[in-house]
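Per the numbering used here, residue 239 is the first one in the sequence shown, and the count goes up by one each step.
Rather than coming from a laboratory, the hints here were simulated on the basis of the structure. Any given hint could be a false lead.
Unchecked claim - The calculated EDC-like cross-link candidates involving lysine to aspartate or glutamate, where the alpha carbons are at most 20 Å apart (straight line), are: (1) K374 / E347; (2) K374 / D360; (3) K374 / D345; (4) K374 / E333.
Keep in mind it's a predicted model, so treat the numbers as computed, not measured.
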Amino acid sequence: MTAGQDTSTARLTAVASDETLVGHGWMPVSGTKADGEAAKSAAVFLNSTTGRLLMMRSPGRKLAFPTYTPAILNALPIPDLTDARICSTLAACWEATRHMTVPQYRDGECEVRQLWDAAVCDALGWDTDEIAGYRKLLHEEPHVRGLGYGQYADAPGNDNEVGGIPR
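Required output: the full structure, derived from the provided sequences and hints.
Listed below in C-alpha coordinates is the structure:
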(Lines of atoms letter the chains of each structure in order from A; the text may use other names.)
(Lines give C-alpha, C1' and ligand atoms only; values in the text may rest on other atoms or scores of the structure.)
Protein backbone atom coordinates (compact mmCIF):
# COMPACT_ATOMS: atom_id res chain seq x y z
CA MET A 239 0.00 0.00 0.00
CA THR A 240 1.21 3.48 -0.76
CA ALA A 241 2.87 5.48 2.00
CA GLY A 242 2.07 8.69 0.13
CA GLN A 243 1.49 9.89 -3.39
CA ASP A 244 0.64 12.80 -5.65
CA THR A 245 -3.11 12.42 -6.06
CA SER A 246 -3.04 14.10 -9.48
CA THR A 247 -0.65 11.59 -11.06
CA ALA A 248 -0.97 8.44 -8.95
CA ARG A 249 -2.28 5.48 -10.88
CA LEU A 250 -2.31 2.88 -8.09
CA THR A 251 -2.85 2.88 -4.34
CA ALA A 252 -1.65 -0.69 -3.80
CA VAL A 253 0.45 -3.27 -5.61
CA ALA A 254 0.88 -7.02 -5.25
CA SER A 255 3.42 -9.37 -6.73
CA ASP A 256 4.19 -13.06 -6.86
CA GLU A 257 7.81 -12.12 -6.08
CA THR A 258 9.26 -10.64 -2.91
CA LEU A 259 10.24 -7.05 -3.58
CA VAL A 260 11.90 -4.24 -1.69
CA GLY A 261 10.74 -0.73 -2.41
CA HIS A 262 10.56 2.79 -1.09
CA GLY A 263 7.26 4.54 -0.58
CA TRP A 264 5.15 1.42 -0.18
CA MET A 265 4.09 -0.31 3.05
CA PRO A 266 3.64 -4.10 3.11
CA VAL A 267 0.27 -5.67 3.76
CA SER A 268 0.91 -7.91 6.73
CA GLY A 269 -1.06 -10.85 8.00
CA THR A 270 -1.98 -12.19 4.56
CA LYS A 271 -1.92 -15.77 3.34
CA ALA A 272 1.44 -17.20 2.36
CA ASP A 273 0.27 -17.70 -1.24
CA GLY A 274 -0.39 -13.98 -1.61
CA GLU A 275 -4.03 -14.38 -2.66
CA ALA A 276 -5.20 -12.01 0.10
CA ALA A 277 -2.58 -9.41 -0.88
CA LYS A 278 -3.74 -9.59 -4.50
CA SER A 279 -7.35 -9.26 -3.36
CA ALA A 280 -6.50 -6.27 -1.19
CA ALA A 281 -4.66 -4.64 -4.11
CA VAL A 282 -7.70 -4.96 -6.39
CA PHE A 283 -10.02 -3.55 -3.73
CA LEU A 284 -7.71 -0.64 -2.85
CA ASN A 285 -7.19 0.25 -6.52
CA SER A 286 -10.92 0.15 -7.23
CA THR A 287 -13.04 3.28 -7.05
CA THR A 288 -14.11 2.39 -3.52
CA GLY A 289 -10.51 1.89 -2.42
CA ARG A 290 -9.39 5.18 -3.95
CA LEU A 291 -12.21 7.03 -2.21
CA LEU A 292 -11.30 5.38 1.10
CA MET A 293 -7.67 6.44 0.66
CA MET A 294 -8.77 10.01 -0.08
CA ARG A 295 -11.02 10.34 2.96
CA SER A 296 -8.17 11.05 5.38
CA PRO A 297 -5.37 12.49 3.28
CA GLY A 298 -3.17 13.76 6.08
CA ARG A 299 -1.81 17.29 6.02
CA LYS A 300 -1.69 17.87 2.29
CA LEU A 301 -4.51 17.19 -0.14
CA ALA A 302 -2.20 17.31 -3.18
CA PHE A 303 0.37 14.85 -1.77
CA PRO A 304 -1.06 12.96 1.19
CA THR A 305 1.07 10.66 3.27
CA TYR A 306 -0.34 7.71 5.15
CA THR A 307 0.68 6.05 8.38
CA PRO A 308 0.11 2.39 9.23
CA ALA A 309 -2.54 3.50 11.74
CA ILE A 310 -4.55 5.25 9.00
CA LEU A 311 -4.24 2.31 6.64
CA ASN A 312 -5.09 -0.24 9.33
CA ALA A 313 -8.35 1.64 9.97
CA LEU A 314 -9.53 1.28 6.36
CA PRO A 315 -12.67 -0.85 6.12
CA ILE A 316 -11.69 -3.51 3.60
CA PRO A 317 -13.63 -6.67 2.76
CA ASP A 318 -13.19 -9.82 4.81
CA LEU A 319 -10.35 -11.44 2.89
CA THR A 320 -10.78 -14.66 4.86
CA ASP A 321 -14.07 -15.16 2.98
CA ALA A 322 -13.08 -17.60 0.22
CA ARG A 323 -15.58 -16.25 -2.33
CA ILE A 324 -14.58 -12.60 -1.85
CA CYS A 325 -10.88 -13.41 -1.88
CA SER A 326 -11.03 -15.68 -4.93
CA THR A 327 -13.15 -13.20 -6.93
CA LEU A 328 -10.76 -10.31 -6.27
CA ALA A 329 -7.62 -12.43 -6.73
CA ALA A 330 -8.94 -13.71 -10.08
CA CYS A 331 -9.40 -10.09 -11.15
CA TRP A 332 -5.80 -9.34 -10.13
CA GLU A 333 -4.60 -12.24 -12.30
CA ALA A 334 -6.71 -11.03 -15.24
CA THR A 335 -5.53 -7.42 -15.00
CA ARG A 336 -1.96 -7.76 -13.73
CA HIS A 337 -0.35 -6.87 -17.07
CA MET A 338 -2.78 -4.12 -18.05
CA THR A 339 -1.61 -0.52 -18.28
CA VAL A 340 -3.30 1.75 -15.74
CA PRO A 341 -3.75 5.29 -17.09
CA GLN A 342 -4.09 8.39 -14.95
CA TYR A 343 -7.61 9.38 -13.91
CA ARG A 344 -7.52 12.47 -16.12
CA ASP A 345 -7.30 10.16 -19.15
CA GLY A 346 -10.92 9.11 -18.54
CA GLU A 347 -12.55 5.71 -18.46
CA CYS A 348 -10.38 2.65 -18.87
CA GLU A 349 -10.94 -1.08 -19.00
CA VAL A 350 -8.77 -1.98 -16.02
CA ARG A 351 -10.64 0.27 -13.56
CA GLN A 352 -13.96 -1.00 -14.91
CA LEU A 353 -12.80 -4.59 -14.31
CA TRP A 354 -11.58 -3.79 -10.77
CA ASP A 355 -14.91 -2.16 -9.92
CA ALA A 356 -16.90 -5.02 -11.47
CA ALA A 357 -14.95 -7.56 -9.40
CA VAL A 358 -15.47 -5.58 -6.18
CA CYS A 359 -19.19 -5.24 -6.90
CA ASP A 360 -19.46 -8.95 -7.72
CA ALA A 361 -17.57 -9.96 -4.59
CA LEU A 362 -19.53 -7.69 -2.27
CA GLY A 363 -22.94 -7.67 -3.95
CA TRP A 364 -22.83 -3.96 -4.77
CA ASP A 365 -24.53 -2.08 -7.61
CA THR A 366 -22.08 -1.69 -10.51
CA ASP A 367 -23.92 1.34 -11.93
CA GLU A 368 -23.61 3.24 -8.65
CA ILE A 369 -19.88 2.53 -8.37
CA ALA A 370 -19.43 3.46 -12.06
CA GLY A 371 -21.01 6.83 -11.27
CA TYR A 372 -18.48 7.41 -8.50
CA ARG A 373 -15.63 6.34 -10.81
CA LYS A 374 -16.73 8.88 -13.41
CA LEU A 375 -16.86 11.59 -10.74
CA LEU A 376 -13.27 10.76 -9.77
CA HIS A 377 -12.22 11.39 -13.37
CA GLU A 378 -13.57 14.95 -12.98
CA GLU A 379 -12.13 15.66 -9.51
CA PRO A 380 -9.41 18.35 -9.87
CA HIS A 381 -7.17 16.93 -7.13
CA VAL A 382 -7.26 13.55 -8.88
CA ARG A 383 -7.08 14.81 -12.48
CA GLY A 384 -4.36 17.39 -11.87
CA LEU A 385 -6.39 19.83 -13.97
CA GLY A 386 -8.88 22.50 -12.99
CA TYR A 387 -12.61 22.39 -13.73
CA GLY A 388 -13.21 22.86 -17.44
CA GLN A 389 -9.67 21.80 -18.40
CA TYR A 390 -9.11 18.56 -20.26
CA ALA A 391 -5.96 16.63 -21.02
CA ASP A 392 -4.90 16.77 -24.64
CA ALA A 393 -4.42 13.75 -26.83
CA PRO A 394 -1.57 11.46 -25.72
CA GLY A 395 1.80 12.50 -27.06
CA ASN A 396 1.40 16.28 -26.74
CA ASP A 397 3.82 17.01 -23.91
CA ASN A 398 3.90 20.77 -24.57
CA GLU A 399 0.33 21.45 -23.44
CA VAL A 400 -1.99 20.34 -20.67
CA GLY A 401 -5.66 21.09 -21.15
CA GLY A 402 -4.82 23.49 -23.98
CA ILE A 403 -2.50 25.47 -21.71
CA PRO A 404 1.18 25.65 -22.75
CA ARG A 405 3.59 24.32 -20.14
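Against the structure, the hints:
1. K374 / E347: The given pair, whose Cα atoms are some 7 Å apart, holds under the 20 Å limit.
2. K374 / D360: holds (19 Å)
3. K374 / D345: holds (11 Å)
4. K374 / E333: violated (24 Å)
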